[in-house]
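Chains as they are written, first to last, in our numbering: chain A, 14 to 127; chain B, 2 to 109.
Note that these hints are calculated values from the structure, not bench results. Computed from a prediction, not measured in an experiment: that's the story for all the values here. Errors might be hidden in some of the hints.
[Claimed, not checked] Here are the simulated EDC-like cross-link-like pairs (lysine to aspartate or glutamate), alpha carbons at most 20 Å apart as the crow flies:
1) K101/B - E57/A
2) K43/B - D69/A
3) K46/B - D14/A
4) K91/A - D69/A
5) K3/B - E92/B
6) K101/B - D99/A
7) K46/B - E57/A
8) K43/B - E4/B
9) K3/B - E96/A
10) K43/B - E57/A
Listed below, chain by chain, are the residues.
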Amino acid sequence: DARVTQTPRHKVTEMGQEVTMRCQPILGHNTVFWYRQTMMQGLELLAYFRNRAPLDDSGMPKDRFSAEMPDATLATLKIQPSEPRDSAVYFCASGLVLGTHTQYFGPGTRLTVL
Amino acid sequence: RKEVEQDPGPFNVPEGATVAFNCTYSNSASQSFFWYRQDCRKEPKLLMSVYSSGNEDGRFTAQLNRASQYISLLIRDSKLSDSATYLCVVEGGTALIFGKGTTLSVSS
């Protein structure tokens, strides 16, 4: 049963620290998405990739967030420096066809910035 | 107008009840529509796609009204296990746009 995996599952850090979240998409999927979910805003798209190339990261605060895909099996989302308002659940999702196909979500990283 | 809008609820219903959720979307060019389900502290999972002709999957029926730009989800004979948040999802060109969800609580 192929799944998207994410690490860490939980992260508590102090304001100003760097946070790195990792995602392993389902093998063979060519699109990867990063979302942030909060009670107030719901699911917000931060960035997405197709064939490892970033297609859109307009949803990300550019000054502190960065997303990369070093290879087809790893996507990373970094926050530096982190702020309390970054506290949220960060989901990675992967899919086969950009936009119109279903997405498969990982279990998420629950981030708390103190 | 928000891109995808849903009544957040909560909808509190007894077991066996029929419940319906609606969702409106703003982009008339959208071609694909879905309902996702999200359990508490879990990731969203695809419940069903929504087709123009309407589609049914067991106790779940999804309908699309392109003229009015809304999507509906009907759940018949509600079970306790149906308690979750239901997310309306609309294709937005190159990405999916998620509504904030409607919370359903089914009680015995």
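Do the hints match the structure? See the list:
1. Restraint check for K101/B and E57/A: the C-alpha separation of about 9 Å stays at or below 20 Å, so the hint holds.
2. The hinted pair formed by K43/B and D69/A fails the criterion: a straight-line CA distance of about 26 Å is larger than 20 Å.
3. Proximity of K46/B to D14/A is assessed by CA-CA distance (about 14 Å); at most 20 Å being required, the pair is judged to hold.
4. With a C-alpha separation of about 16 Å, the suggested pair K91/A and D69/A falls inside the 20 Å cut-off, and the hint holds.
5. Only pairs whose Cα atoms come within 20 Å are accepted, and K3/B paired with E92/B is accepted, the gap being roughly 14 Å.
6. Distance check on the hinted pair: K101/B and D99/A sit about 18 Å apart at the alpha-carbon level, within 20 Å; holds.
7. Between the alpha carbons of K46/B and E57/A the distance comes to roughly 16 Å, so the proposed pair stays at or under 20 Å and holds.
8. Proximity of K43/B to E4/B is assessed by CA-CA distance (about 24 Å); at most 20 Å being required, the pair is judged violated.
9. Taken as a hint, the K3/B and E96/A pair is broken in the structure, with Cα atoms around 27 Å apart against an allowance of 20 Å.
10. Proposed proximity of K43/B and E57/A is supported: the alpha carbons are some 16 Å apart, at most 20 Å.
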